[in-house]
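S.K.: Use these hints to put chain B onto chain A, whose structure you have.
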Amino acid sequence: MMNARHTTIVAGLLLVGGVLPSAHAEMMHHQGMMMDATGMIMNANPDRLPRDCPQISETVELTIRAGHEHAKKFPGKMFAYDRQEWKVKPCAKINITFINDDHVRHQMMIHGLPGYLYPEGMLHLELFGHGQLKASLILPSRKKTYLVHCELPQHQEKGMKAQLKVDGGDGDLPSIPGLTEPVRADMYPVDWNRQHIGMVLFSILIGTLAPFLFRLKKK
Amino acid sequence: MIPKKRYLLIALVAALAGTAWWLAPSVLEKGDALAPATVYTRSAETGGTEKPCPNEHPEWRQAQTIDGVSIDEALSCDPDNPYDIAAAVKGTNNVSMATLMQTRMAQDAVVKKDDLDHDGDPDVIDIKLEVVELNGASPDGEFLINTFDIAPGIRPGLWVFAPKSQGMALKNFFTMQANPILRAPSPTIRVEEGDKVTVTLENIHYLPHTIHLHGVDHPFMTAAGEDNDGMEEHAVFPGSSHTYEMKPRHAGTMLYHCHVQTAQHMMMGLSGIFVVEENKPNNWVQTFNIGAGQVRHPSVKVKEDYSREFDLLYQSLDKKLSAIIQNANDVRLIAKRMSREYNITESHENYFLLNGHSFPYTVRDGLIAAGENEKVKLRIANAQRSPMALHIHGHKVTVTATDGAERPEVARETRDVLDIAPAQRLDVDLLTVNDGLHSYGPGVWMFHDHASNGETTDGMEPGGNISLLGYQAYLDAQGMPKMHGEMLDVVFDKNYYAKNQPPWAQGDFTEMLGEPGRIAPNVLKLVAFGLASGAALGFLVYLIFTGYRRRQ
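Protein chains in written order, with the numbering used here: chain A, 818 to 1036; chain B, 25 to 576.
For reference, chain A alone in the conformation it holds in the complex (with noise of 0.2 Å):
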């Protein structure tokens, strides 16, 4: 009847149970989703390894800030997080602080992560409003670009997408604001002048004369 999410939520539901009111305090060491108030985590994996990690490799302080602000460097955009790409090593274990500036909602999610440990393959961090809140995730040793990003309808559309890369991933992924060009680009007016004119004018008239040229040298 529902969608596979829906059972992933009302799991984590069950699971976490009675501290909800409290979630913040109480993130850790639960699996599926987490919510208060302010906001929601959903498969954070603070301590389990991936299969092919004997060990945390290194362990990162990732500030990622969300924001309308964050976009005025790319023109034509109007949603984008401080910064568009994070790289770490195989094994990383990443701290994530998120810190909505706006007063709206703003997520974070990212893709393509081990079905074992994050359920739908996805850690999705949301706040509901201003405020910030705190998640981590272990990544596995695969070297690979992971999708991030905000899921709300135009989020990633106008510039709220970056990549994160595990040992220095498996390529770009397009349409990241200022770092890969997009699949369907839009189209501006070129800015001709006068002179543009005159040039290209110019050179079809020299570019016609060739061949006259080149006959009167032979002779």
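Calculated from the structure, these hints are not laboratory results. It is possible that part of the hints are untrue.
To spell it out: a stretch of chain A is covered by chain B in this simulated footprint if at least three of its residues, at any positions, have a beta carbon under 8 Å from a beta carbon of chain B; those stretches are [to be verified]: (1) 896 to 909; (2) 1020 to 1031.
To spell it out: a stretch of chain A is covered by chain B in this simulated footprint if at least three of its residues, at any positions, have a beta carbon under 8 Å from a beta carbon of chain B; those stretches are [as the list claims (entries may be wrong)]: (3) 850 to 859; (4) 868 to 878; (5) 962 to 972; (6) 1001 to 1007.
On the chain A side, residues computed to face chain B include the following (Cβ under 7 Å) [unchecked claim]: (7) G884; (8) K890; (9) G932; (10) N1010.
Ideal Cβ placement from N, Cα and C applies to all residues, glycine included.
M.R.: Structure of chain B alone, referenced to chain A:
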């Protein structure tokens, strides 16, 4: 070459050119005594058709109680999610977490508290709305995201107010469809007379918007001295929020809409019904009616007088305006095209929506389903750009209130065409009493805008805001009208609205009213044309070439 031979060659070139001219193929040709045969275009094989009723949640139809909230039966194919209703009645803060998780609403989407007048219902109501773009563009490819089909295969770019939600905006991981609470139209909002209401706009969209409480009693300024009328110059910019306050003293059917570039923003879908219900004891009203349509938890006063209640919101869209958000991702380009290049005085309405859908989707959830001898309340709002003339087949209805103000008994009109100016609202009594005046008896009766643009989807009929008033005896177990199977099979097909299919090619008339075929090209004629024109060209070149050599 001697000159005489040259003249002969010139004559030959002329003759060949003439022949080519005479044989030239054309796009259109006259039919013979027997016109080209009918071709088969029904697209059942190409997968354009869909089930008239997907019947996704049959268990949602029955009357039920969730978290102590009684929810009336809904007979239609696509009933509202009863958990959404329970959360909208009790408040997202009061409902159980298990119920909230069956909705997509945020915990603070509608917060209800404090029974100020001690009459058994909460009187402080805090509502949060977001602006959501449906059928929007993506820089990641040629596809639309957060899709919402208004009719088979029709996805115009749309904006709606939606209850503040949480989690994924897509329905699931395997689709680009928006989740079910992100849909047109903006939900009907219901509060009780005298409630202390706040409506907070949390603008998650990339353009500025406001909420104007059209007809709802509200002070000009908030207690803090800020804008409270949703005026253009006090727009709520992307990433910000603003709270509007009111304590409505007068009950009635009102409206809310965005008042930033109203001409464009209302035509993009930013309007909804706002109902103030009479203050009664134990009156827990259904604060959100997502998708409008049947009110499955009517107010105490409505329940006293009526057997069922329906919210009917009419909207129209211009396909050129809607396409602007689908053709660019740069927000400056979108803003420029929408504000300065689009000209509403040179525009057309192409799509006509009843509760966010056009026919035949209106049959799934915009159906008025009722039994015999019932008194049904309709709250009708026209949020279109153009006036409408709403006609209900087989019935004459009585207008009891206009623009949220009750009409005195003597001034009430009973009519079968209701003229509704843009932004006007009517409260209407519909009697299903077979007396030859109010009803001509049970059936599946159409109702639609009789200003005929409204019956079409981009000119294709039947479409637009056509819907049905179905008596229970004429509806099947899935809420679909009996006796209309064949017609529904034709229109539940995106090829029909893409105008690829003749409308009446059924049964005996499959051939007679089918798609006229094309004339088969005459291959001999084509070859002869090619030879003649080629030879003419060849001899011409030969003439020029030999002429040049001779002169040298």
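S.K.: Next step is simple, just say for each hint if it's right about the structure.
M.R.: Status of the hints after comparison with the structure:
1. Chain B is given as covering the region 896 to 909 of chain A, and this is violated because 1 residues of the stretch bring a CB closer than 8 Å to a CB of that chain, at least three being needed.
2. Counting residues of the region 1020 to 1031 of chain A whose C-beta sits closer than 8 Å to any C-beta of chain B gives 0, which falls short of three, so the coverage hint is violated.
3. Check on the region 850 to 859 of chain A: 3 of its residues sit with their Cβ under 8 Å from a Cβ of chain B, so the three-residue criterion for coverage holds.
4. Remark: the region 868 to 878 of chain A is not confirmed as covered by chain B, as 0 of its residues place a Cβ nearer than 8 Å to a Cβ of that chain, below the required three.
5. Closer than 8 Å: that is the beta-carbon criterion, and the region 962 to 972 of chain A has 5 residues meeting it against chain B, so the requirement of 3 holds.
6. Here's how the region 1001 to 1007 of chain A fares: 4 of its residues keep a CB closer than 8 Å to some CB of chain B, so the rule of at least three is met and the hint holds.
7. The criterion of a C-beta within 7 Å of any C-beta in chain B is met by G884 of chain A, whose closest approach is roughly 6 Å, and the hint holds.
8. Because the smallest distance between the Cβ of K890 of chain A and any Cβ of chain B comes to about 14 Å, over 7 Å, the interface hint for this residue is violated.
9. For G932 of chain A, the suggested interface contact is broken, since its CB lies about 12 Å from the closest CB of chain B, more than 7 Å.
10. The closest approach between the C-beta of N1010 of chain A and any C-beta of chain B is roughly 21 Å, which is over the 7 Å cut-off, so the hint fails.
The earlier numbered hints that this structure contradicts are 1, 2, 4, 8, 9 and 10.
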